Amino acid sequence: MQSTLDPAGIEAGLVRTLFLVMAIAGGLIWFGVMATLFAAMLRVRRSSEQTAGRFILWGGAVFPAVMLFALLTYALWLMPTLRPVAAAGDAADLRIEVTGRQYWWQVVYHHRGVQIAAANEVRLPVGRRVEFSLKSDDVIHSFWIPSLGGKMDMIPGRENRLSLIAEKTGVFRGACAEFCGTSHAFMALTAVAMEPDAFDAWLVAEAEASIDVEGDGSELFLRHGCGACHRVAGTDAVGAVGPDLSHLGSRRMLAAGIIANTEDNIAGFIANPAAIKPGAAMPAFAMLPPQDIRAIAAWLKGLR
Amino acid sequence: MTAPGARTSEEERAAQTERLRKVWENPGGWRYWTSVNNTQVGLWYASTAFIFLLFAGVLGLIIRAQLAVPGNDLISADFYNQVFTLHGTVMMFLFAVPIFEAVAIFLLPPMLGARELPFPRLGAFGFWSFLLGGIFVCGSIFFNAAPSSGWFMYPPLATDEKLSGIGADIWLLGLSFIEVASIAAAVELIVGIMKCRAPGMRINLMPLFAWYLLIVAGMILFAFPPLIAGDILFEMQRMFDWPFFDPARGGDPLLWQHLFWIFGHPEVYIIFLPAIALMAMIVPTFSRRPIVGYSWIVLAAVGTGFLSFGLWVHHMFATGLPQISLAFFSAASEAVAIPTAVQIFVFIATMLAGRVILSTPMLFGAGGIAIFVIGGLTGVMVAIAPFDWQAHDTYFVVAHLHYVLVGGMLFPVVAGIYYYYPLVDAKRLSDRLGRTAFWLMFVGFNVTFFPMHLTGLLGMPRRVFTYPGDLGWNVLNLISSVGAVVFALGVLTVVWDVLRPKHREPRGEQNPWNAGTLEWISEPEENWGVRSVPFVSSRYPLWDQPTLANEISEGRWYLPDAEEGRREGLVTSVLDARPEQVLRVGGTSKVTIVSAFSLGGVFIALTFKWWIAGAIAALICFSAIVYWLWTGTNEIPEKPEKDAGIGLSLPLYTSGPSSVGWWAMFITMVGDSTAFASLIFGYFFYWTIHDDFTAGSAGPGTTWPLIAAALFLGAWLATLAARYFNAHASVALARANLVLAFTLTIIGSVTGVLGPRLHQMDPTAHVYPAIVWVLVCWTLAHAAVGAVMLAYCLARSLAGRLTKTHDMDLRNVALYWHFLAITAVISFCVIGLFPEAL
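Protein chains in written order, with our numbering: chain A, 366 to 669; chain B, 7 to 844.
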C-alpha cells in the first residue's frame with residue numbers, strides 16, 4: 366500500500382517498468398564487471414599493454430557511453446508523458462490543493478468553482494487526471510503517494526504542481542518524504558482512489574455539513590475552545606489553524622495517517638497529542654473532564 | 007645535474023645525518039604537541055579522523071538499533087534526529103574529507119621526494135582547528151544540543167530558532183571553522199604539489215596520488231566557498247533576522263539548497279577521488295607493473311572534477327524546477343559515469359597487463375570496487391529524474407549513498423591502511439586479521455545496505471525515527487540491523503590490528519611490497535622525509551632507477567646537510583620541476599595552536615552569542631597571526647644563495663610568482679572570490695525569482711557606491727605604486743603610497759556604508775536590503791584585511807624587513823589587492839548600478 370513496486374497509477378506504473386529495465390541491465394553490467402575483475406586478478410598470463418589499453422577505451426568509455434545514451438533517450442522520452450507541462454487555461458477538472466503543515470496535510474478540493482475543505486486524506490476519481498497544487502505554511506514537506514507516482518516538494522513561498530492519474534480503486538498510503546521536524550515519521554497521508562461516480566457522490570456529500578453535526582459533543586467542542594483552531598462545517602467552529610474536522614468520522618485514519626480512527630484514539634489524542642505525535646502544535650487537553658473528552662470524541666467519530 | 011654526487015666519507019656522512027636529525031627532530035615532553043612536522047601532523051590528523059569515524063559509526067549503530075523493529079521507543083524522536091544528523095555530518099565533514107587531508111599531509115612529501123610541505127605550520131594550524139571544531143560539533147550531543155535538521159540543514163526548519171535550537175548554530179559555526187581548516191589544507195597541498203616536487207619530476211611523471219590530490223584540492227577551493235557563503239547568509243538570518251530564506255520577506259529556501267548542493271555534490275567526488283588515488287598507488291604495486299593508461303586516468307579524474315560541479319540539481323529533482331533543467335542535469339549526471347568507469351577500467355586493465363599478487367590491500371581494493379560499482383549503477387538510476395521522483399529521500403538513496411561512500415571511500419582507505427602501515431611503524435599489519443576484517447566488513451556491509459534498496463522501493467522514507475509494522479518493512483529492517491553489527495565487528499578488527507602491541511615483532515623491510523614510488527624510501531624513525539632530495543626521471547623511480555634508494559640515503563643528492571641549522575627544502579618550477587630556490591620552512595611552534603584555538607574561540611563564542619568573549623578571542627587570534635607572520639615568514643636570509651649540493655647553487659629568497667607564498671595567496675584568493683561569486687549569485691537569484699526585486703524599498707543609490715568603487719580603485723593603484731617605488735629604491739615614495747592606500751581604503755569603506763545607510767535600508771525588512779548589506783559587509787571585511795596588510799607592509803618597511811630585493815610581503819599584498827579591487831568594483835557597481843538598469 367505504500368510501495369513503488371505495486372503501482373496503481375500511470376506514473377508509478379511507467380516508473381516501475383523503468384526501474385525494472387535499469388535494475389536488470391545494471392545487474393548484468395555488475396556481473397560483467399565483476400567477472401572481468403576476477404579474471405584480471407586471477408589470470409596468470411599477462412595481456413599486452415595495448416590490449417589492456419583498448420580494454421579501457423571500450424569497457425570504460427565506449428560501452429558506458431552507448432548504454433547511458435540509450436537510457437537517457439528512454440527517460441527523456443518518458444518525462445513529458447509523465448508530467449505534462451500544464452498549459453495556462455488548461456485547468457484540470459479537479460484540482461486538489463494540499464498544504465503541508467507540521468505534521469499534517471490541509472486539503473482543499475477545487476471542483477467547478479466550489480471549494481471543499483478537508484484534511485489528511487485525499488480522494489480521487491479513477492481514470493481522471495487530478496491536478497495537485499502543493500504548498501507549505503511552515504517548513505519544507507514533500508508530497509508522496511508511491512503507488513500513484515513520484516514525490517513533489519512543498520516549499521514555503523512556492524507553489525508546485527503535480528498531476529496524477531489513478532488507474533485502479535483502492536486505499537494507498539502516502540507520506541511526507543522531506544524531513545520536516547520531530548514528528549516527520551508521523552506525517553502520513555491516506556489516498557483513496559474511487560470509481561468516478563462514487564467520487565462525485567462523495568464530493569457532493571463532503572461539501573455539505575455532516576448530518577450528525579447536532580449533538581452534545583458539538584456544544585462541548587465549542588465551549589472548550591476547540592473551534593478556535595478547528596473548523597466543523599455546520600457549527601460555529603471556524604478555526605483554520607488545525608485540521609478541518611467536518612467529516613472526521615468518515616476518514617480512515619487519524620492524526621495524519623498514523624493511528625486507527627476510533628473513539629478511543631480520538632479521546633487519547635485530545636488528552637495528550639504529544640504522546641502520539643511529539644512536537645504537534647495542539648496543546649494537551651488532559652485538564653478537561655474525562656466525560657467531556659469522551660463526549661467530544663464520540664461526536665467527532667460520528668461526523669460522517 | 008642529473009647524476010648523484012660522489013660518496014662522502016663515513017664520518018662526514020654521520021655528521022651530516024646528525025645535523026639533519028637535530029634540525030628535524032620533534033621536541034620532547036608536552037612540547038611534542040607543538041611539532042609541525044608533516045609526519046606527526048599527518049598521523050594526528052588521521053588518528054583524529056578515525057576517532058570521529060568510530061564515533062559516527064556508533065551513531066549509525068544507534069540508528070540501526072532504533073529501526074530494528076517497528077514502533078521502537080528505544081530513543082526519542084528528537085534524539086534520533088540529532089543522531090542521524092550528526093552521523094551524516096561527522097562522516098562527511100570530520101572523517102571523509104579530513105582523512106584524505108591527513109593521508110596527503112603524511113604521504114606527499116616523501117612521495118614527491120620533498121622534505122616537507124611548503125607551509126608546515128599552516129598544516130598544524132589546520133589540524134588543531136579540525137580537532138577543536140570536531141570536538142565542539144560532536145560534543146554537542148552529550149548536552150542534548152546537537153543539530154537535528156539533517157546534514158543538509160534545509161531552511162526554514164533549520165533557520166527557525168524554536169525548531170532547531172542551538173544545534174543549528176553549532177553546525178553552522180563549528181563546520182565553518184572546519185571548512186577554514188580544509189581550505190588551509192587545500193592551499194598547502196596545491197602549493198606543495200605544484201612547487202615542492204623533486205627536481206626532474208615533471209608534471210607528467212607525478213605519482214597519480216599527487217595528481218588526484220591536486221585535482222581534489224582544486225575542487226575544495228571551488229566547492230567549499232559556496233557553502234561558506236551559504237553559512238554566512240544562514241547565520242545572518244539566525245543571528246540578526248536577515249530574511250534570506252524567509253519567503254514572507256522575499257527570501258527563498260531554495261537558494262540554500264542551490265548553494266548547499268553546489269558544494270555538496272563536488273564534495274562526493276572530493277571524498278571519492280582521493281580514495282581512488284590510493285587505489286592508483288596500490289594496484290600497480292600488486293600488479294607488478296606501472297599503471298596502464300596514465301593519461302587516461304589523469305584526464306578522467308580531471309573530467310570527473312569538472313563535471314561534478316554541473317550536477318548539483320540532481321539533489322533537487324523534486325523541488326519543482328522546470329523539466330528542461332531536470333533533463334539537462336539528468337544528462338550531466340549520467341555523463342559523469344563515463345570518466346568514473348574509465349578510472350575503474352584503468353585498474354582492471356593494469357591487473358590484466360600485470361601479474362596480480364592477492365594481498366590484503368588488494369582484497370579491500372577489489373571489495374571496494376565490487377561495492378562501488380553497485381553504488382555507481384544505482385547512481386545512474388537515481389540520476390534519471392522520473393525514477394528519482396520515486397527514489398528520492400527514501401532508503402533507496404540511503405543504500406545508494408552508502409554503496410558509493412563505503413565502496414568508493416572506506417574500503418580503499420582500509421586498503422590504504424594495510425598498504426601504508428609499514429611507513430608508520432616499520433611493521434606490517436596482520437594478513438590473517440586483515441582477511442577476517444575484510445570478510446566481516448564486506449558481508450556485514452552488504453547485509454546492512456543491500457536490503458535498503460528494497461526497503462526504499464517499498465516506500466520507506468529516510469530520516470524516520472520509527473515506522474509502522476504493517477507496511478512490509480520489518481524483516482528488511484531487522485536484516486539491516488543485524489548486518490550493521492557484523493560490519494561494526496569488521497571495523498573493530500581493523501582497529502584492533504592497528505592498535506595491538508607489535509613491539510615484539512621484528513622490524514620489517516623498508517619497502518615491504520617492493521613498490522615503485524618514492525614514499526617507500528622514507529624511514530619511520532626519521533622526520534626529514536628524504537635523506538637527500540633526488541633527481542627523478544621516471545614515474546616509478548624505485549623500479550626504474552635501482553640505485554636511487556641507496557643514493558638518497560647516502561646523502562648523494564641535493565640538500566644532504568643542514569649546516570645552518572634550518573629546515574630546508576627545494577622549490578621547483580610548476581611544470582617541469584626545475585630547481586628554483588632553497589626554501590626554509592617554519593619549525594616547531596606554539597603559535598599554530600594559539601591561533602587555531604583562539605580562532606575556534608571566536609566561532610564558539612559566536613555560537614553562544616558571548617560577544618565580549620568573542621571579541622577577546624578575536625583579538626588574541628589577530629595578535630597570534632600577526633606575530634606568526636612577523637616572526638615566521640619572509641625572513642631575509644643571511645646570504646643570497648646557498649649551495650644545494652652537487653654543484654647547484656640556488657637563491658634562498660624569491661618573491662612574486664616563483665615563490666610559494668605568492669601561490670598560496672593566489673590560491674586562497676581564488677577560493678575567496680568563489681565565495682564572493684556565490685553571494686553575487688544570491689543577489690541575482692533573488693532578482694530572477696521576484697517580479698519586483700527591490701519590493702519598493704529604496705536602494706543604496708548610485709552616487710555613494712560609485713564613489714566607493716572609485717576610492718577602492720585609487721587605493722589599489724596606490725598599492726601598485728608602492729610596490730613599484732619599493733622595487734625602484736624610492737623607499738620614501740613607497741611608504742607614502744602605502745599611507746595613501748591605507749587612507750583611501752578607510753575613506754572608501756566609510757563611503758561604501760553611506761549608500762545603504764543614508765537610504766535607510768533595513769536588512770531585516772526584506773531580502774533586498776539584506777543582500778545589499780551582505781555584499782557591502784563582505785567588501786568591508788576584505789577592505790579591513792587589506793588595510794591591515796598595508797599597515798603591516800609599512801611596519802615591515804620601517805623595521806627594515808621589507809627592502810628593495812626582499813619585497814615578498816608587498817608583492818603578496820599587491821596580489822591580494824588585485825582581488826580586493828575586483829571585489830569592491832563588482833560589489834559596488836552591482837548594488838549601485840543594477841537597480842538603475844531595471
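Calculated from the structure, these hints are not laboratory results. Watch out, some of these pointers could steer you wrong.
[As the list claims (entries may be wrong)] Examples of chain B residues toward chain A, derived with CB under 10 Å:
1) 257
2) 400
3) 790
4) 791
Predicted model, so just to flag it, every value in this text is computed and none were measured. Even for Gly, the Cβ is constructed at its ideal location relative to N, Cα and C.
Next item on the list: Go through the hint on residue 790/B and say holds or violated, using the shortest Cβ distance to chain A against 10 Å.
Entry: Hint violated; residue 790/B Cβ to chain A Cβ min 35 Å, cut 10 Å.
Notebook entry, point to check: Holds or violated: is there a CB of chain A closer than 10 Å to the CB of residue 400/B?
Noted result: holds (7 Å)
Next item on the list: For the hint on residue 791/B, just tell me whether its beta-carbon gets within less than 10 Å of chain A.
Entry: At about 36 Å, which exceeds the 10 Å cut-off, the nearest Cβ of chain A leaves the hint on residue 791/B violated.
Note to self: Given residue 257/B as an interface hint, is its Cβ closer than 10 Å to any Cβ of chain A?
What the structure shows: holds (8 Å)
Violated hints, listed in ascending order, are 3, 4; each of the other numbered hints is respected by the structure.
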